[in-house]
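Take these sequences, add in the hints, and give me the full structure.
Each chain is listed here by its residues.
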Amino acid sequence: MAIRSLDAFARMSIGRALSSGIGMVAGGFLILLVLVAVFAPLIAPFDYADQNLMNANAAPGWPHVLGTDEFGRDVLSRVIYGARTSLSVSATAIAISMAAGMTLGAAAGYFGGFFERAVMTVVDLTWSFPDILIALIFVAIIGPGLTSTTFAIAIAYLAQFTRLTRAQIVRLKRETFIEATINLGAKPSHILLKHLMPNAMAPVIVVGMLAIGDGIVLEATLGFFGLGAQPPTPSWGAMMSSGTAQLFLSPWVIIFPGVAVAITVIAVNLFGDELIRSLDIRDRLRGA
Amino acid sequence: MLSVRDLGVAFGMVQPLSGVSFSVNKGETLGIVGESGSGKSLTAMSVMGLLPLSGGRITGGSVEFDGQDLTKLPERAYRKLRGGRIGLITQNPMTSLDPLQKIGPQVDDVAKLHLGLDGAEARARTEDILGTLRIPEPSLICERYPHQMSGGMKQRIVIAMALAADPDVLIADEPTTALDVTVQAQIIRLLDDLVKERDLALVLITHDMSVVAQTCDKIVVMYAGRAVEHGPVEEIFDRPRHPYTQALIACIPRGLDDATRLTGIEGTVPTVLNYPKGCPFHPRCPRAEAICATDPPEFSVAGDSAAACHFAEVANAQPA
Amino acid sequence: QDVTVAFSASELGATAYNPVAASNLNTATSLIYDRLVEQDADQSYHPHLATAWEETPDGMAWTFTLLDGVTFHDDTPFNAAAVQTWIASYAGTENEYLVEAIASVDVVDDLTVRFNMERPEPNLLYNLASAFMGVPSPTAYAELGEDFGVTAAVGTGPYELQSFEIGLETVLVRNEDYTWGSDLSENTGPGHIETFTFREIPDQSTAFLELRTGGIDLLLGVPTDFLAILEAEANIQIIQMPGTGISYMPINVTAPPFDDILVRQATGMAIDQDSIVAAVYGGVGAPARNFLISSLPEANVNPDLNVRYDPAKAGELLDEAGWAMGDDGVRVKDGKQLSVDLFTANSTEFTRLTQVVQAQLAEIGMEATITVFDSSTIRDEYRRNAHQLAVRAYDWNNSDILDWFFSGNRVGYPNVSMWEDEEGQRLNDIAMTESATAAERVANFTAYHEYVLSQHLFVPIYQPTQNIAFNGEAISVPDPVRGSRFRGQSFMDIQVTE
Amino acid sequence: MILRYTFQRLLMLIPVSFSISVVIFMIVYLLPGDPIDNLLRVGSSAEDRAELVARYGLDRSLVVQYFVWIGNMFQGEFGQAIVLRRPVADLIAQNLPYSLTLGGLAFLFSSTVGMALGTVSAIVRHPVLDRFMRGFILLGSTVPGFWLALLLILLFSVNLGWFPVSGAGGWQSLVLPVLTIGFGGVALVARVTRVALLDAQREDFVTLLHAKGLSSGTILFRHLMPHALLPVVTILALRIGWILGGAVTVEFVFGRPGLGSLLIRALGQRDYPVVQACLLMLALAVMLGTLIGDVAQASMDPRIREKKS
Amino acid sequence: MPNLLEVRDLSKRFTSAGSAFRKARSMHAVNGVSFDLAKGRVIGVVGESGCGKSTLARLILRLIEPSGGAVHFDGDDLLAKSPAQMRRLRARMQMVFQDPYSAIDPRYTLARAVAEPFEVQGVTPEKPMTDEVAGLLEMVGLNPGLATSYPHQISGGQKQRVGIARALALRPSLLVLDEPTASLDVSVQAQIIGLLEDLRSDLGLTYLFISHDLSLVKYFCDEILVMYLGRVVEALPDTAAPARHPYTRTLMESTFEPDPKKRRLIAPLEGEVPSPFDLPPGCAFVDRCPNASALCRSETPALSTETGHAVACHHPI
Ligand SMILES: Nc1ncnc2c1ncn2[C@@H]1O[C@H](COP(=O)(O)OP(=O)(O)OP(=O)(O)O)[C@@H](O)[C@H]1O
Ligand SMILES: Nc1ncnc2c1ncn2[C@@H]1O[C@H](COP(=O)(O)OP(=O)(O)OP(=O)(O)O)[C@@H](O)[C@H]1O
Ligand SMILES: [Mg+2]
Ligand SMILES: [Mg+2]
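Chain order of the listed sequences is W, F, E, Z and A.
Using my numbering, the first residue of the first sequence is number 1, and each one after it goes up by one.
Using my numbering, the first residue of the second sequence is number 1001, and each one after it goes up by one.
Using my numbering, the first residue of the third sequence is number 2001, and each one after it goes up by one.
Using my numbering, the first residue of the fourth sequence is number 3001, and each one after it goes up by one.
Using my numbering, the first residue of the fifth sequence is number 4001, and each one after it goes up by one.
Misleading hints may appear alongside valid ones.
[To be verified] Now the stretches of chain Z that chain W is said to cover, found in silico as 3 or more residues with beta-carbon under 8 Å: (1) 3015-3027; (2) 3047-3054; (3) 3145-3154; (4) 3248-3262; (5) 3277-3287.
Read the hints as simulated data drawn from the structure, not as lab findings.
Don't be surprised by glycine CBs; every beta carbon is placed ideally from N, CA and C.
Right, dumping it as structure tokens:
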């Protein structure tokens, strides 16, 4: 659905977002990051899991450009592979969350009534509950690992997408063109799929984009509690959680993944802001 | 009382208003007509000195009120005038009142600020004015919130605020556009009465030629940020000299004498970003010639009225 | 006059200062309660509340002479009757095993008690010296019931419990009447320090920073990897004591491929204990070759049974077991890869060690996937028999730990190896209940230990040291530390530096 | 008017609370593992187990258990913690004050500082300030809490030695945790305030206020602020639950007790009664937050007062 | 001429959801409206904001379900149709909406918007689709070159033309025009009205024209229905007929002549329009009526069935 929605309109907006200075830098960085994640095996100078205890905690230099960690593993390679974990977990989670949220929200907005109230009550509750707690409860239920992290993040952000989609649908339902299309003799499925959803999608996708940033942070936080990627799979969060002591012994082990998270999230936000601007949907994001 | 000379307004690089002139005296009603985006509200805002709010500035001309040039007035002094000697009535009564506050205090503010009255005195005055505006049970109304009232009622409250400090000039920016015809008629009558009773100078901004015809003494016709014609109302309606004015009058459906056929004006209203050079109306003008595309026309005066058209005299020869 | 102490990570989360019923006690307990006897670092026993004891030759009765003039914090006297009630109170509790061998307690006179034994118990003194055998006031114990150790804790110790916020901090104040310190401390009178505040700091890094910035004065249980950093700090001094525990990797013998003893043996040979000590622990501590700490006589087993790094042999064993090396470095048998699960608990120390183990297993062609659990979930996993390998540690300086971890009665947890074996159980029973003398007990346990080793139920990895760090500018700590652990007796000698 | 409104909102919470309580009750049964196992002595028999199960009422049907539970909750009877072996009420009473102080201060900090920042950035429209604000807001949502906490500790405790590294002692020990939690909140509140003020400034009635001759200051404080407050109050109210429970990370890093830590700990130990009580407290806080938000909004906005009653 | 549309006693009641604390309130947005519309005629509906004009239009097109009454379109009882039948019928009865700015999906190009009726109805046009679209755009006076534009790239007047093109795509016989020029400038309004006049004579369309502008209705329509608070209070058979209902009279007097010489004295201020939720008993206009009597306060006047010029007043002028 997300791919199909990249119609002329959306392409235009992404193009416009990229054409602004900040948008270009942020977007370029994100594209680069995705490429790095995809081609990690080709780019990373070392195997992320190769230990060399004799060369543990080596400072940045050559051949370990960003140094090595407590096991003598190459930090650069781990940051590169970490991009893979962090991005894919967050993106998958958000995609799941978005799909579910859009379905729920669209149904709630379209059908209204008791169904809407029930959905929104539940969803609102998950929203006002601290996301880290939701994640921890979820992890407690299905156990640690990337799957549960993914689902935990997905649940934590479900409400956002549901609310937003519902708000969009409710707003759109009142638009004249919907009534006009009904009056042409269109079936409900046509209304929903050809008009409501495509129009509701833009802000949801942008928020989804922004949420990927939040997802990365949440993944990092779960990693801090040791609940994300299982070793030796690197994830930025898990790497950052090596503890304060590491800040004295080999700060690069913590600093570099931390910087990676910060830059990525900033880039995601900047690009998202630019998209919001070029899609001109600031007002539509506010209502939800 | 109030006279505007060659007013120009700019927002950054765009110049949505230029060369607007008019004047109005006590007991007189001046109508400013023009289509959406022609710069009517900007004119009102310039006179009120409120352009900086939206980031605009006056680039030329003068706004003279009671002998002083307002464009050079410091903000502090200007604030005394606003709401004091010059009142403003805005277009949409639905959104013109602070929805979080009761009616009473919102009106009281004016008298407190400009007449130096204390709370009770100001309230007495508020109720008094609401009464003269034929609002039933003013003291009850004062305790209500805006959302509890009808549009016509709210518009009267806005008028009451404009009147509270006994202004000399009232600027009404489309005061009836959002209202139903029957209510519009009431408000127009009210304004009319006020001009007569209080000897006010009223600037009535509207896009409705019928309203102008009903109430105004003089009118200014605006198009694309310029005044294209001005003069006494009868003269303009009888012998419009600017092709735009002529076309505008032709656009009004007259149900009862069903002879003319409506065709409208070809083409579309230009936006600020593509104001034509020369005469702004030339792309849509049936009489346009080469010169119209290059040279902005001067006002040609005939009697009390003036039209900014290279062919004003010709136009005058064949009224619409 | 106030000293702040941080517990070591393994001591966190004690729920009550109740030596009788609690399953988890911390160091502060040893300051609230005194024990009948104390054990020194050289495993010798020293009198404390019991001034003398005597075992009948057949081992069927023990007579203890009690110290005179000792009172509990609630001013009730400590005497033979108190001991009698106290021993009886273990019935039905988690810690009942400590007094299992005692059939009954006789009050001989006010300051003499006799324990009549079910069977000879050479381990009795060890038990009596354990923290779980601190002596509570019988009056308070009966009075408070479930609340004992929670709202109040009454012992005879040098410090009294002032406040206890679970999971947060415990404040102890000096018992001014205390005059009965054991000979393990210089100071036998009231403690030098007025107040001890014990804090539970879950994050080791935070604890380290607290020590460094003066937030705490004493850190019990410094993770080995912090030693290097701490040593660099001028104001911080470190005491290293022989460890009382082992890090090891249990092998689930019921989960293929580990149902094959050859695979288990090979797994043991994959772990390079020496390099772990050198690289992970910076040379501090010792490699573990078998299940018991090396200071125990039962650790002296037939050297052939000790587990040693031998990757070549491991490879041969695996070949023999039918696991041929695959192209990608992972062994294969019948089309199945040698991939196993490796569980570990959620703490920096464990995950570190586990990752090294994982890498070393990879060397012999075994691909291990790590899952990190919190300590409670991991226990559920063991009970569910969901594990294959795990990295764990225990802290116990007695050979009866073998029974705890390998008895068929406790399969699942704590018998994580899931080992049930007739011969093993027979040897266990002999060692646990049929030794009349200490020497016999050593022999029996050594035999049991050797049998356990021969079955390759686990891989011993590391014997840590006990590391205690303190702010040398604030306090002084007895040197050398006496006793097997840094506890009550050592706190008596802590002094504030001027 | 407001009282009536509050009462109505309260009544409306009843069905919501009921569904929440059911959800909370069920969550616990979704958790793997069994507190009884944690409680049982190693090697104990099936009877021991049955005895414990009966003692904690776990042998009855779920429905019965639910009603017994909710009935007890109503009487403030939170039961006995299974693993921590003390009244759950005590545990809550012990931890809640920490959460409330920390949350309250963080709340105060983020709302005041956030609103001040937001207001300044909305009225002083200066490009440099604008960029600074954007950067700050961005950073606020970017930096994971634990990371920020570590950096703060490093700077203020280790290098400058101003505040303690951890613990729950005097006011000094509150500074860094409050800053950590507050940072994200400040950014959020600043953003909301700013947007709301800019929106309010664009409203028609503001033009009329200027036309009345009121000074910009009067307009800002008397008229615009109330409008900006509306969304800020909503956001803040919704975050009450967040602040009470969401401080887990901060509590962990700074070694502070609190509702969040208690919950996490109980979750780890499968201490059902504690988990349930904590979740219920949080849900209560969340609902209370929504209620406060609604009532605050209604007391500020007559339109809401009327529409919803 | 046969009647294309017969509306009988059409009513719509809206109920605001009640709660435990508030009684459900209901209002008649449209109350007992009846009229006939002959093929090729234009009937105008005037009335103030909120009097139920749009609701009436929606009821006739069955975009909302009526609470009572009947609508016959070309002899078919619309209310008896199944949803599928109704969808097919819609091709023959189209509507042009008040707000052109939101009448086209912002993500659709004009071509796609104009082609949508064919897609929705599953009709293949005679000509290739692009030609068909170009033809329709030309018919409403738009340059077919605009086909690839998006709505936000064209002006309000142009959007309204697109709306008309869409409505005409399936060759309907009835066109309901709900204030099609209300949000447009006068010069553009005149363009659109001109266009509608042309289309009517070219295509033989029948119009139901809704407006609040009496002069526009008088200019454009053959007959006029005057609505007040949900009811038809007067049905003028032709535009020259003198008003007989006091409300119609008020309405006419409130409409100014675009001629400064024909200024009129505006009647003094009168009472407020009552809330539709609690109408007074009797005639709804009673509080603002100069001729009101006791009868007016107690009994709702029925629309007289008098042929030609019906009026709902106890005291018609
Ligand atoms: N803040 C602004 N920045 C840039 N351009 C502006 C701004 N405000 C108004 N304009 C432009 O100035 C022109 C005149 O606007 P103005 O509001 O005066 O029109 P108007 O005649 O009052 O129209 P309407 O009848 O729709 O109220 C418009 O084209 C508008 O785009
Ligand atoms: N879906 C709805 N639910 C409840 N009330 C409605 C609904 N639609 C319309 N109304 C009410 O019905 C009455 C008539 O509305 P309608 O839109 O038909 O008026 P109108 O004459 O078209 O007004 P306008 O000139 O403003 O378009 C109004 O009071 C309106 O509030
Ligand atoms: Mg305007
Ligand atoms: Mg309408």
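Hints, verified against the model:
1. 3015-3027: It holds: at least three residues are needed, and the region 3015-3027 of chain Z offers 5 whose Cβ sits within less than 8 Å of chain W.
2. 3047-3054: Per the Cβ count (0), the hint is violated.
3. 3145-3154: holds (count 6)
4. 3248-3262: It holds, with 4 qualifying residues against the three required.
5. 3277-3287: Three-residue rule met by the region 3277-3287 of chain Z, so holds; n is 3.
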